[in-house]
Amino acid sequence: MKEETVIKVEGLTKVFGDFTAVNKISFHVRKGEIFGFLGANGAGKTTAMKMLIGISAPSSGSANVAGFDVYTQTEDIKKSIGYMSQKFALYDDLTVKENIRFFGGIYGLSKNRISQKSNLLIEELGLEKVAHSLVGSLPLGWKQKIAFSVSLLHDPKIVFLDEPTGGVDPITRRQFWEMIYKAANNGTTIFVTTHYMDEAEYCDRVSIMVDGNIEALDTPKNLKTHFGSDSMNDVFLKLARS
Amino acid sequence: MSIHIDHISKSYGKVNALDDISIRVDQGELFGLIGPDGAGKTTLFRILTTLLLPDHGSASVAGYDIIADFKAIRKQVGYMPGRFSLYQDLTVEENLRFFATIFGTTIAENYDLIRDIYVQIEPFKNRRAGKLSGGMKQKLALSCALIHKPKVLFLDEPTTGVDPVSRKEFWEMLKRLQDKGITILVSTPYMDEAALCDRIALIQDGRILEIDTPKAIVEHYPKPIFDVGAHNTYLLIEKLNAYAHKHSVFPFGEYIHYTDQRDGFDPLELRAYLKNEGLQNIHIERTKATIEDTFMELAKQ
Amino acid sequence: MKRFIGFVQKEFYHIFRDRRSLFILFGMPVAQIMLFGFAITNEINNVDIAILDRSQDASTKEIISKISSSEYFSILQHIKEEAEIEEVFKKGKVKAVLYFEKEFSKKLIKQHTAKVQIVTDATDPNVANTISNYINSILSNYQEEQNRAITLDYQIVPQSRMVFNAELKSVYMFVPGVMTVILMLVSAMMTSISITREKELGTMEILLVSPLNPFQVIIGKVFPYIFLSIINAAAIVILSIFVFHVPVNGSLFLLGLESVLFIVTSLALGILISTISATQQTAMMISLMGLMLPVILLSGFIFPISSMPVPLQVISNIVPAKWFIIIVKGIMLKGVGISIVWKETLVLLGMTLLFIGLSVRKYKIRLE
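Listed in order, the protein sequences are those of chains A, B and C.
In this text, residue positions in the first sequence follow my numbering: the first is 1, and each later residue adds one.
In this text, residue positions in the second sequence follow my numbering: the first is 1001, and each later residue adds one.
In this text, residue positions in the third sequence follow my numbering: the first is 2001, and each later residue adds one.
Source of the hints: derived by calculation from the structure; they are not laboratory data.
Given the structure is predicted, the values throughout are model-derived calculations rather than measurements.
Certain hints may be false.
Taking lysine-lysine pairs in the DSS-like style, the calculated list, with each CA pair at most 25 Å apart, reads [stated by the list, open to error]:
id: 1; chain 1: C; residue 1: Lys2002; chain 2: B; residue 2: Lys1125
id: 2; chain 1: B; residue 1: Lys1075; chain 2: C; residue 2: Lys2090
id: 3; chain 1: C; residue 1: Lys2107; chain 2: C; residue 2: Lys2093
id: 4; chain 1: B; residue 1: Lys1275; chain 2: A; residue 2: Lys182
id: 5; chain 1: C; residue 1: Lys2002; chain 2: B; residue 2: Lys1075
id: 6; chain 1: C; residue 1: Lys2080; chain 2: B; residue 2: Lys1151
id: 7; chain 1: B; residue 1: Lys1300; chain 2: A; residue 2: Lys50
id: 8; chain 1: B; residue 1: Lys1215; chain 2: B; residue 2: Lys1175
id: 9; chain 1: A; residue 1: Lys224; chain 2: B; residue 2: Lys1300
id: 10; chain 1: C; residue 1: Lys2362; chain 2: B; residue 2: Lys1075
id: 11; chain 1: A; residue 1: Lys238; chain 2: B; residue 2: Lys1175
id: 12; chain 1: A; residue 1: Lys117; chain 2: A; residue 2: Lys50
id: 13; chain 1: C; residue 1: Lys2107; chain 2: B; residue 2: Lys1149
id: 14; chain 1: A; residue 1: Lys97; chain 2: B; residue 2: Lys1275
id: 15; chain 1: C; residue 1: Lys2199; chain 2: B; residue 2: Lys1071
id: 16; chain 1: B; residue 1: Lys1071; chain 2: C; residue 2: Lys2362
id: 17; chain 1: B; residue 1: Lys1071; chain 2: B; residue 2: Lys1151
id: 18; chain 1: B; residue 1: Lys1131; chain 2: C; residue 2: Lys2199
id: 19; chain 1: B; residue 1: Lys1246; chain 2: A; residue 2: Lys182
id: 20; chain 1: A; residue 1: Lys221; chain 2: B; residue 2: Lys1075
id: 21; chain 1: B; residue 1: Lys1275; chain 2: A; residue 2: Lys129
id: 22; chain 1: C; residue 1: Lys2115; chain 2: B; residue 2: Lys1014
id: 23; chain 1: C; residue 1: Lys2080; chain 2: C; residue 2: Lys2107
id: 24; chain 1: A; residue 1: Lys50; chain 2: A; residue 2: Lys31
id: 25; chain 1: A; residue 1: Lys182; chain 2: B; residue 2: Lys1300
id: 26; chain 1: B; residue 1: Lys1014; chain 2: A; residue 2: Lys238
id: 27; chain 1: A; residue 1: Lys129; chain 2: B; residue 2: Lys1246
id: 28; chain 1: A; residue 1: Lys97; chain 2: A; residue 2: Lys129
id: 29; chain 1: B; residue 1: Lys1168; chain 2: A; residue 2: Lys224
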């Protein structure tokens, strides 16, 4: 059913001076897949992701994202992907509506389309009462949900999420993952980078990066079976120790 | 009694950061404050370390009142604020020596207490703190908080932003400190860390949901929980939510945690329903409640 | 005491490890004094002028040669017509045109009066004014010589003499101003930034939850800057004396004491700023807008206070820098002692006590 490959990475490498941050990594991500990209701080996952979203040129290897080459077609890549990070998601000093209008605008959506999308989004998230409130005044969990919806505004093929649910309360977190499942079900590919191992449990497949290399790549279930662990956290501990 | 919190409330403008909180922590206990960002954990820590005044209520730490005897408390407690407050431009050793000096002691005097932790970062003692990894910063911050041999240790989200290996080591270190008789109050947003504490308080939106041992909290979960899985997770969630008898439906990693409203719930009935709705590879199995299940159940009310 | 030394040591580590603050500390004073000393100046040197000489006789030739041989002017071109004057100014090549009327020599001898017109480009009024003064003085010099030779006339030649800065050297005026700016910058801005940095890092929380009392924290933070500011003040005075030959007519010791007083004033202001700002950025903005601008604009450093509108004159009184500049000018250029500047010193002392009082009251032993 999910045959089409939307991210194709072969031997991708990034070298800073004499330090190899990303060492010949290879993987494929299928359309509509929720792909977890795990690793400790400094393992190289941020560097790898920067190459995939076209803001950092690889040292060697090849990668194709949403059908575009990361060396030559970075502008096309940027138009076809959405991005959301926990550190920066929305402008706190703009209202919900203003944020939607702004982000819709930078992705070149028409005025009509923006207002149509923004009404839909506000209705779906039940934000009618706070549509004109400053984003800064909303609870963290709400912000994260709005930010995710905003990253989907321009119907991207792939959405990159950087530690999307760290620190969010458990219920909101579930609601967030339900949104992710829904987007994936609609054919959007979800690429989650995180070092929270419990976020990994929700992904269809995960790769685990250690010191610039991908040390494991499989479904959470298979990884747990393979390492004889009952949680991804334990899988990670075993990988890091070996 | 080492920490005694009695009906503490605190608000910032209209926001109730803490709403009538009461907790007792025994001497030598490892007590966890479990809750998401914005639950009020940091505010409570600041009140207990005499950095903030509560609007209502009273509290004492190591026998001293947090308002009247704040100076005495400042001599007795170790405090590690969130995001490892270290001087980034000072080396590991300089940081430690500085904190030793301002507490009127030396590294040598209390080295015993921090040896286990400090030996791990000692090879890097001439490195600037800003250049350390998250795990090493965490160990240095803990060493700095311990250098004056405090009776009570306050650790505000010490494991946030730290990789799983360092997290695990950190909790092992806390256990050893506890053995030395230090009372530890630690906060964390990670539900899976709750099980490592003697007792925990679940906290959300400034309210305490429950206080007990992790084991008791899990056992008190009122309903049987089932792991439910199928070929399409999104469809499964949708159908479970549409099921007339559902009590709660929460994604939990690879499965959905499902509870039913009825006492005599029959999983076969659910399986038939899901099959009828077009789901394949249906998996339904009884599972144990976790702290997170309890948290959500209590937060829902 | 050990705690205090440990604290101060830590502060020095911070200062010496941060290139940006090191530059502000030691680069700025040198850069500023050099800038004001060499580049920004009211003196004129080799100004290009044009000549329109309708007479071309002995007198005009002598005057022109006197002008061209002076170090102040060089004659760029000679023009023929009055209409050309505007043109050469528009091209911007010359700053002044000297216009001699017809039969200059003849008129001078027969009628004892001849006309020469000095046309200056007044887009920069200060320079224009200076140029015309310089040319005037060359002319009257010539006239004097002529009169002496002929002994025809008894003529009063008005002569003005500038006192205290006889050569009108602008660097003399700038030294006290630059010193004030630097001390203010280093003391107030650097301390406020270094205190707010601890707030931002979260280390202030740990310092508060330690047996150090807040007063010790503040003194520990401020002490290194007292020390560094004194070094700076000394560097500026030494540079002025040896590079620009600015005289210190009064007592160096008194100058030192007054500088220390002003440093303490600025530090107290810095502490005050840090109590009201939560981030380094805010502290920097408040220091720049709230302190630097008044110091530069309202202290008499660049614009004379006496020529300001009355409301600004009144406001200038609350700028501590104004009083310090008066004191420094007095001691350095006029050579006066404490018997003259005691009033200004007292004002500065009062302000200092007020700022210290305010910041102690505002300083919190808790976070809010």
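Query raised in the report: Quick check: which numbered hints come out false for this structure?
Result: 2, 3, 6, 7, 9, 12, 13, 14, 20, 21, 22, 26, 27
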